[in-house]
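Each protein sequence line maps, in turn, to chains A and B.
Mapping the first sequence onto the working numbering, position 54 (from 1) lands on 54, and the numbers just tick up by one.
Mapping the second sequence onto the working numbering, position 59 (from 1) lands on 1059, and the numbers just tick up by one.
Heads up, some of the hints might be wrong.
Computed list of lysine to aspartate or glutamate pairs in EDC-like fashion (alpha-carbon distance at most 16 Å, straight line) [as the list claims (entries may be wrong)]: (1) A:K57 to A:E82; (2) B:K1073 to B:E1015; (3) B:K1070 to B:E1052; (4) B:K1055 to A:E75; (5) B:K1096 to A:E75.
If you want the footprint, here are the derived chain A segments under chain B, 3+ residues with CB under 8 Å [unchecked claim]: (6) 40-53; (7) 65-74; (8) 93-106.
Per label pair, the in silico range of CB-to-CB distance [to be verified]: (9) B:P1009 to A:N71: 36 to 42 Å; (10) B:Q1056 to A:S86: 25 to 31 Å; (11) A:E82 to B:P1115: 29 to 35 Å.
Since the hints were made in silico from the structure, they are not lab data.
A virtual CB, placed ideally from N, CA and C, is assigned to each residue, including glycine.
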Amino acid sequence: KAGVTQTPRYLIKTRGQQVTLSCSPISGHRSVSWYQQTPGQGLQFLFEYFSETQRNKGNFPGRFSGRQFSNSRSEMNVSTLELGDSALYLCASSSGLTDTQYFGPGTRLTVL
Amino acid sequence: AQTVTQSQPEMSVQEAETVTLSCTYDTSENNYYLFWYKQPPSRQMILVIRQEAYKQQNATENRFSVNFQKAAKSFSLKISDSQLGDTAMYFCAFMKHDSGYALNFGKGTSLLVTP
């Protein structure tokens, strides 16, 4: 099976812009979770989608949003970008039958 | 909220030696899962080992084993016969049982394996 894929791998934006990141889970996986990784805050949970419904949400402002499609692919959107949004954004998928999440390679977002 | 603490920001070990990475956590939950993930310089997060809290037996995966002390809320990772390819950041993570997939990560331990 192919692993979790994320596009794009690298992205450069300027303050105030918005951005959309995409995640394709492992085939058959229904859960997709998103994490933000920064040197200062470490790895922080953003949100999780399961069968097109947001099931969990971390402590992030409303500028961060996501959605999941019927084929389980997920997108996350960040509006009105700030310098502090520069980070590695990781997506992870799970089948929903086990407790294990498998991570994608990440999208490196740089906000100038 | 659950917190995960990794008290060793950096560690170094020689090839073929054994090293132990520490992790403690704070929770009021009784059922949960614990994980160790490895993140090499490529940034790809790789699952190393997992432990279910209701299982008393410590998990093992080849050269990797854990010492799970539920009462002490401790979950350390032992790497035996260290290899150069083990050089990476290691993250301890906690997940509640039956409430979806939301990992709480520690700050990580940077492990360097030297020849």
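Comparing the hints with the structure gives:
1. A:K57 to A:E82: violated (20 Å)
2. B:K1073 to B:E1015: With a Cα-Cα distance of about 30 Å, the restraint between K1073 (chain B) and E1015 (chain B) is violated, given a limit of 16 Å.
3. B:K1070 to B:E1052: holds (10 Å)
4. B:K1055 to A:E75: violated (36 Å)
5. B:K1096 to A:E75: violated (24 Å)
6. 40-53: holds (count 6)
7. 65-74: violated (count 0)
8. 93-106: Held - the segment 93-106 of chain A has 8 residues with a Cβ nearer than 8 Å to chain B, which meets the minimum of three.
9. B:P1009 to A:N71: 36 to 42 Å: With Cβ atoms ~41 Å apart, the hint holds.
10. B:Q1056 to A:S86: 25 to 31 Å: violated (43 Å)
11. A:E82 to B:P1115: 29 to 35 Å: violated (43 Å)
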